[in-house]
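Engineer: Please arrange chain B on chain A, whose structure you already have, making use of the hints.
Protein chains: 2
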Amino acid sequence: MVPNPGRCERESATLRRQQVLDAAADCFRRHGFHSAGMAQIAREAGMSVGHIYHYFENKEAIIAAIVDRDLVRIIEILEGFRNAEDIIKAILNRVAVDIDTHTDARDSALQLEILAESSRNPEVAKITRTKDAIGRKLLGETIENGRRQRGLPPLPATDLDARIDVMIALFEGLNCRGVSHPQLNRDGISAVLDKVLRQLLED
Amino acid sequence: MVPNPGRCERESATLRRQQVLDAAADCFRRHGFHSAGMAQIAREAGMSVGHIYHYFENKEAIIAAIVDRDLVRIIEILEGFRNAEDIIKAILNRVAVDIDTHTDARDSALQLEILAESSRNPEVAKITRTKDAIGRKLLGETIENGRRQRGLPPLPATDLDARIDVMIALFEGLNCRGVSHPQLNRDGISAVLDKVLRQLLED
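These protein sequence lines map, in sequence, to chains A and B.
Here the first sequence is numbered in our numbering, starting from 1 and rising by one per residue.
Here the second sequence is numbered in our numbering, starting from 1 and rising by one per residue.
Next up, chain A with everything else stripped away, as it sits in the complex (with noise of 0.2 Å):
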């Protein structure tokens, strides 16, 4: 086997990166983002300052890459709907776990933190918009999908970017409820949240 110190360098790299990540990640919740300075997350990720340095130029490019990081998990969950048979059975069948992601205590932490920065900071807010822009447009063509798939005419794009809107608002809210009301009865949420959305959907 002929070794290859290219590609375990990449690796390398790609794996400090994203302990970096985790560290800030961890960092901005626990402190906010304006009080975790470089020199707390590099002691939490356990490598010098200037290592940091190396990776991310400041903490709006962190916060970049961990937007940029759930940008990529949000696109994974809907390419994943792509070749379902039934692409809104799919979502709706998601439900339950979309529901203890959103009021997950430390990711809805992190997305707030990353919120209230948004509305102060403007580089921050060109970063989640920019992945907000991309959410909706994927989330508009998986339930055109869905609705194709299904014989139900298409919808005017006003009332389809509306419906993705209060979709997000749904599961974006869930991350605040999880904050203010952490016991809430998820099965029950589960159940409403199922006609709610058959209704966005399917109507």
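One or more of the hints may lead you astray.
The list cannot tell twin chains apart, which means a pair is met if one copy fits it or any two copies do.
[Said to hold, decoys possible] The list that follows gives simulated cross-link-like pairs (lysine-lysine, BS3-like), each with its CA atoms no further than 30 Å apart:
hint, residue 1, residue 2
1, Lys131, Lys89
2, Lys195, Lys131
3, Lys137, Lys126
4, Lys195, Lys89
5, Lys195, Lys137
6, Lys126, Lys89
7, Lys137, Lys89
Keep in mind the hints are simulated off the structure, nothing from the lab.
Structural biologist: Just chain B now, kept in the frame of chain A:
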């Protein structure tokens, strides 16, 4: 007319407190709860730091008062429905206003900052969770009264609780949408929300 200095003093104190809350809300929104110091809040309010401490023990006490003020607003809205001939219709008629309030950039920024802080600060979490529980209880009573007026059967407690969480998630999610998608189509969303809320309230 007999002068009433006691009353004047109380009114002036109330006004001063409001001034501090407005200044603090601005600071939290712009810099985040962690980064906003009492000195900065005092400067913004045009008072001395000692004066601020006369009204509020610490930043958590300020957040508690801001959350209280918000709760009073919610209670007023829900109390306003109480005398409506058709409570469900009155709720639906407010949807456009609610969308505007919840996607207002300044208000969203503050709500998200308070929630982000709640997810890492147990003292702030306690404040927001208490407010949330009161809000849920009142919303539940409002929905039940509305259904009774229309001769609709009462909902099982778990179903009602889940509908309440989904309704609140929708509006809290709009706070998030206002940040990630500020150009959202308010009219389109209003039409979609109307249908979703009908299902949640009337079904």
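Engineer: Look at each hint and say if it fits the structure.
Structural biologist: Cross-check of the supplied hints:
1. Within a single copy, Lys131 and Lys89 get their C-alpha atoms as close as 25 Å, which meets the 30 Å cut-off; across copies the closest is 37 Å, which misses it.
2. Taking the closest pair of Cα atoms, Lys195 and Lys131 come within 30 Å of each other both inside a single copy (28 Å) and across two copies (28 Å).
3. Only within a single protomer do Lys137 and Lys126 lie at most 30 Å apart by alpha-carbon distance; the minimum there is 17 Å, versus 38 Å between protomers.
4. For the homomeric pair Lys195 and Lys89, the shortest alpha-carbon distances inside one copy (12 Å) and between copies (21 Å) are both at most 30 Å.
5. For a Cα distance limit of 30 Å, the shortest separation of Lys195 from Lys137 qualifies both inside one copy, at 23 Å, and across copies, at 23 Å.
6. Taking identical chains as interchangeable, the C-alpha atoms of Lys126 and Lys89 are never at most 30 Å apart, the minima being 33 Å within one chain and 39 Å between chains.
7. In the homo-oligomer, the alpha carbons of Lys137 and Lys89 lie at most 30 Å apart inside one protomer (20 Å), although the nearest pairing across protomers, at 34 Å, exceeds that limit.
Comparing the model with each numbered hint stated earlier shows that hint 6 is the single one that does not hold.
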